[in-house]
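Colleague: Based on these hints, arrange chain B on the given structure of chain A.
Protein chains: 2
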Amino acid sequence: MTAEARLTSRDPSFAQRGSTEEVEEGRAFAPKFDTDGLITCVATDARSGDVLMVAHMNAEAMQKTIASGEAWYFSRSRQALWRKGETSGHVQRIVEMRIDCDQDAVWIKVEQEGPGACHTGRRSCFYRAVPLGKAGAVTLEFRDGDKLFDPDKVYRDRS
Amino acid sequence: MTAEARLTSRDPSFAQRGSTEEVEEGRAFAPKFDTDGLITCVATDARSGDVLMVAHMNAEAMQKTIASGEAWYFSRSRQALWRKGETSGHVQRIVEMRIDCDQDAVWIKVEQEGPGACHTGRRSCFYRAVPLGKAGAVTLEFRDGDKLFDPDKVYRDRS
Chain A
1 MTAEARLTSR DPSFAQRGST EEVEEGRAFA PKFDTDGLIT CVATDARSGD
51 VLMVAHMNAE AMQKTIASGE AWYFSRSRQA LWRKGETSGH VQRIVEMRID
101 CDQDAVWIKV EQEGPGACHT GRRSCFYRAV PLGKAGAVTL EFRDGDKLFD
151 PDKVYRDRS
Chain B
1 MTAEARLTSR DPSFAQRGST EEVEEGRAFA PKFDTDGLIT CVATDARSGD
51 VLMVAHMNAE AMQKTIASGE AWYFSRSRQA LWRKGETSGH VQRIVEMRID
101 CDQDAVWIKV EQEGPGACHT GRRSCFYRAV PLGKAGAVTL EFRDGDKLFD
151 PDKVYRDRS
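From first to last, the protein sequence lines stand for chains A and B.
Residues in the first sequence are numbered from 1 upward in steps of one, following the working numbering.
Residues in the second sequence are numbered from 1 upward in steps of one, following the working numbering.
In isolation and in its complexed conformation, chain A is listed as follows:
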C-alpha cells in the first residue's frame, strides 16, 4: 500500500467488514480496499448506459465522491488524488452510486460534463472492439473512435 493511499483507509465513515452474510446482505457500507488501498470503480453514462471508464478510488477519493456527488479517483500512475475534470473541465456528476455484493467494486452512473471522459479525446475509453470467434492474432476494430476534442489543447489550456 502506498503512503498516500494508506493515509485515509481507516476512516470511521466506513464500517468494519463483518461476515459474508453481513457484507452481502447488510446495510453497512464496508468497502474492501485492495492491498494498494484501492477499489475498482466503473463509470457509466446515465443516458446511454455505455461504460465511460474504469478507474480506482482510495478511501479519500471515495469520501470526497460521496460528499460532493462528483467523481474523484486515485491515479495509480501519478499516485495522486484526482478530481475528474479538474484539468479538462469534464466533470462527472453522479446520478447514482452502487456497491457490489462483496463490496469490492463500485458502479457510478454519471452525467458526463463536456464532450468526453477519455484522455484520448473520445466519449468513452472503450472505443475499440475485440472481434470474437476468430482464431489467431486479434486485430481491434474502432467503434465510436472519433475524437470529440483535442486532448493536447484541453489538458494544456487548463493546466
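Where hints are given, some of them may not hold.
Chain copies aren't distinguished; within one or between two, either way the pair holds.
What the hints assert, rightly or not - In the DSS-like style, the derived pairs of lysine-lysine whose C-alpha atoms are separated by at most 25 Å in a straight line are:
| hint | residue 1 | residue 2 |
| --- | --- | --- |
| 1 | Lys64 | Lys32 |
| 2 | Lys134 | Lys64 |
| 3 | Lys147 | Lys32 |
| 4 | Lys134 | Lys32 |
| 5 | Lys134 | Lys147 |
| 6 | Lys134 | Lys153 |
| 7 | Lys32 | Lys153 |
| 8 | Lys147 | Lys64 |
These are calculated hints, taken from the structure and not from any lab test.
Computed from a predicted structure; not experimentally measured.
Modeller: Chain B only, in chain A's frame:
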C-alpha cells in the same frame, strides 16, 4: 503472480505492448495483465445497460472468451478458471467485447442466460445504492434487491 495465472499469460495471440501511442491508437490487441496475471472485466446487460458484475480474466479466460463468445473468468478466491454459468447454467453470451484506451480493462455487453448474474440470487451484483451528500456513517439502500432465484438450490442442484 499465481502459477495458474502465469501459465498462459505469454500467449502469441496477444501482441507485445508497444509505445503509449501504439497501445492507445493502434489495432494490436495488447492487454495488460496485472502482477497477478489478471485484467478487470465489466459485464453489462446488453438490453438494460446495467452493470451486472465486475470480475477478472487471466490470459486463458480471455482466450476462451474470445474463441467461444461466452464469458470465462478467473476466480481469485478459488484460484481457478471459471466458465460463467458452468454451475448455475447462467451463461453470458457476448454481444460485444471492448478494450479501453490503455488496454487494462475489458467491457463485455452480454445476453445473460437465466434470471441473474449474481451468486446471491439477484440480476446484478450491484443491488445496493450508496446515498450521496450525507455526512457521517453511510447506510446502504437496497435497489432491485429481490432475489430472483435461490442460490443454494441453483448451485447445489448443478454441482
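Colleague: Now tell me, hint by hint, if it's right for this structure.
Modeller: These are the hints, each one checked on the structure:
no., hint, result
1, Lys64 <-> Lys32, "within (17 Å within a copy, 29 Å between copies)"
2, Lys134 <-> Lys64, "between (44 Å within a copy, 11 Å between copies)"
3, Lys147 <-> Lys32, "between (36 Å within a copy, 23 Å between copies)"
4, Lys134 <-> Lys32, "between (37 Å within a copy, 20 Å between copies)"
5, Lys134 <-> Lys147, "neither (28 Å within a copy, 37 Å between copies)"
6, Lys134 <-> Lys153, "neither (39 Å within a copy, 36 Å between copies)"
7, Lys32 <-> Lys153, "neither (37 Å within a copy, 28 Å between copies)"
8, Lys147 <-> Lys64, "neither (30 Å within a copy, 32 Å between copies)"
This entry does not satisfy hints 5, 6, 7, 8, going by the numbered hints stated previously.
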